[in-house]
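Residue numbering for the sequence shown is 1 to 447, as defined by our numbering.
Think of the hints as simulated: they come from the structure by calculation, not from any bench. Since the structure is predicted, the reported quantities are computational estimates derived from the model, not experimental observations. Ideal Cβ positions, reconstructed from N, Cα and C, are used throughout, including at glycine. Watch out, some of these pointers could steer you wrong.
[Claimed, not checked] With a Cα cut of at most 30 Å, we get these calculated DSS-like pairs of lysine-lysine:
#1 Lys135 with Lys49
#2 Lys229 with Lys337
#3 Lys333 with Lys421
#4 Lys229 with Lys209
#5 Lys337 with Lys447
#6 Lys412 with Lys388
#7 Lys304 with Lys241
#8 Lys49 with Lys95
#9 Lys28 with Lys229
#10 Lys229 with Lys316
#11 Lys388 with Lys95
#12 Lys29 with Lys49
#13 Lys106 with Lys29
#14 Lys159 with Lys29
#15 Lys447 with Lys388
#16 Lys229 with Lys92
#17 Lys28 with Lys87
#18 Lys407 with Lys447
#19 Lys106 with Lys87
#20 Lys304 with Lys316
#21 Lys106 with Lys92
#22 Lys159 with Lys135
#23 Lys209 with Lys135
#24 Lys304 with Lys333
#25 Lys337 with Lys407
#26 Lys388 with Lys421
#27 Lys92 with Lys29
#28 Lys135 with Lys106
[To be verified] Cβ-Cβ distance ranges computed for the label pairs, FRET-style:
#29 Asp79 with Asn237: 24 to 32 Å
#30 Lys304 with Asp345: 20 to 28 Å
#31 Asn145 with Asp262: 28 to 36 Å
#32 Cys301 with Leu173: 30 to 38 Å
#33 Ser413 with Leu261: 50 to 58 Å
#34 Gly292 with Asp434: 36 to 44 Å
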Amino acid sequence: MEMLKNDMVYFLGIGGIGMSALARYFLKKGYRVAGYDRTSSNITCNLEKEGAMIHYHEDINVIPDEIAFVVMTAAIPADSIELLALKQRGVKIYKRAEILGMLSRKCNAICVSGTHGKTTTTSLITHILHCDRMKISAFIGGIANNFNSNVVIGDADDKVMVVEADEYDHSFLQLSPYISIVTSIDADHLDIYYDNQHLIDSFNEFVNKTAVDGVVICRTNLPVVTERKMIVYGFENADIKADSIRIVDGMTEFHVTRCALDLGVFRMPLFGEHNILNALASMTAAMEMGVGADVIREALCSFKGVWRRFDIRVNKNDTVYIDDYAHHPEEIKATLKTVRTVFPDRMMTVVFQPHLFSRTRDFLDGFAESLSIADRVILLDIYPAREKPIQGITSSVLLDRICCAEKMLCHKSELLNVLKKIHPELIVTMGAGDIDRLVPEIEEMLK
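Whenever a hint applies, use it, and build me the whole structure from the sequences.
Next comes the structure, spelled out in structure tokens:
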């Protein structure tokens, strides 16, 4: 991929969290960026302020004449009129994962995979290495609050890249890891993986792309098989493990040992066992890159988390509001159990927007079980994203299976009025659709 400064890169689906990171990368490197997305958002508005030219209705007449190449998201349909027009023009078209793969082959890439925990772990590794003054680039699947961005761009001669390795559409198989991390392997994306063994096989194919002199880092009890050096983290039967966990002064405190070596006590402003596991994975990767325990200790304390990951928006005596990206039953369960631990005496109201008809169908019972942890559940309509409706799959069907004291359906446009009437003392909004657009209004109302 030979490029000259001021070349034009065109993005199909520029507003996605992963695509926008690449768009920012090319802008910062001195290239021109244009693209299409179907809806305007905070992300696209910020990209426009940074110099990208973006339009929101498919129109082949506004596609720039001179394009070095196109980057497309896997969510763009095959019959997209812009995609078809660009193919007819003979422009080179890459998937986002292919571009990340090319970049990963130019340096030591730390690639973070897993059904859950990828974004927090990627962000935390990036923060730790940055605190160690290491020159790095990073591509993150969320907005890392320490950087207020989903991309960190270092110098031209950076030798280290941290990248979130997405299993959707087998994207992570394009990467060439020096360090590969597997945080979890739970059934998901059943439109891509026809059964659980197919998913496991793909994760094993990913870790076996790790450099011969590299390392695989994985959580305990995962079906990862590799001949590469492997480090296992967890709470028991692990090379690096945490114990003596407690919450002190609004921070999670835990003790860490690595192969009988006492690394001491660490503190971080994140809650839940899942986040301790994310921290262990991040610490292990950092230590493999030569970072000392004291630097890691300070970095964990100063980590500000990730936008929409257990994001405490309001915390008053009478009202707590948390927003979270959780959209899989295991993520919902982990988040709500953590809410119960941190705020044990409050009545919990959960507002959930299911994401995808297929995911709702495939995990109907799992969603119902996880959401039943709440005292009150408010379900919004299913967010379709790239899908068409599936007969018989609605939020009403999911609501019928939830067992909690109070539950109801609500249209998105009526949510604020409903919340004003019930005056929740603890509210959690969840989902990967467009529920995030309501967050500022909910926050303002509760303040």
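Going down the list of hints, with the structure as the test:
1. Lys135 with Lys49: Holds. Lys135 to Lys49 sits at ~26 Å (cutoff 30 Å).
2. Lys229 with Lys337: Violated: Lys229 and Lys337 sit about 34 Å apart, past 30 Å.
3. Lys333 with Lys421: 27 Å, holds
4. Lys229 with Lys209: Cα-Cα ~12 Å, so holds.
5. Lys337 with Lys447: The hint holds at about 25 Å.
6. Lys412 with Lys388: Measuring from Cα to Cα gives roughly 19 Å; hence the hint holds.
7. Lys304 with Lys241: Roughly 23 Å between the alpha carbons, so the hint for Lys304 and Lys241 holds.
8. Lys49 with Lys95: Holds, at about 25 Å.
9. Lys28 with Lys229: This hinted pair is violated, its Cα atoms lying about 36 Å apart.
10. Lys229 with Lys316: Violated - the C-alpha atoms of Lys316 and Lys229 are around 48 Å apart, more than 30 Å.
11. Lys388 with Lys95: 23 Å, holds
12. Lys29 with Lys49: At roughly 16 Å apart (the allowed maximum being 30 Å), Lys49 and Lys29 satisfy the hint.
13. Lys106 with Lys29: 16 Å, holds
14. Lys159 with Lys29: Holds. Lys159 to Lys29 sits at ~16 Å (cutoff 30 Å).
15. Lys447 with Lys388: The given pair, whose Cα atoms are some 37 Å apart, is violated under the 30 Å limit.
16. Lys229 with Lys92: 37 Å, violated
17. Lys28 with Lys87: 27 Å, holds
18. Lys407 with Lys447: Satisfied, since the Cα-Cα distance of roughly 25 Å is no more than 30 Å.
19. Lys106 with Lys87: It holds: about 28 Å lies between the C-alpha atoms, which stays within 30 Å.
20. Lys304 with Lys316: Satisfied, since the Cα-Cα distance of roughly 19 Å is no more than 30 Å.
21. Lys106 with Lys92: 21 Å, holds
22. Lys159 with Lys135: Between Lys159 and Lys135 the Cα gap is close to 7 Å, so the pair holds against 30 Å.
23. Lys209 with Lys135: 24 Å, holds
24. Lys304 with Lys333: At roughly 22 Å apart (the allowed maximum being 30 Å), Lys333 and Lys304 satisfy the hint.
25. Lys337 with Lys407: 19 Å, holds
26. Lys388 with Lys421: 33 Å, violated
27. Lys92 with Lys29: Within the cut-off at roughly 20 Å; holds.
28. Lys135 with Lys106: Distance ~14 Å between Lys135 and Lys106 Cα, so the pair holds.
29. Asp79 with Asn237: 24 to 32 Å: 50 Å, violated
30. Lys304 with Asp345: 20 to 28 Å: 27 Å, holds
31. Asn145 with Asp262: 28 to 36 Å: 31 Å, holds
32. Cys301 with Leu173: 30 to 38 Å: 36 Å, holds
33. Ser413 with Leu261: 50 to 58 Å: 56 Å, holds
34. Gly292 with Asp434: 36 to 44 Å: For Asp434 against Gly292, whose Cβ atoms are near 43 Å apart, the range 36 to 44 Å holds.
The earlier numbered hints that this structure contradicts are 2, 9, 10, 15, 16, 26, 29.
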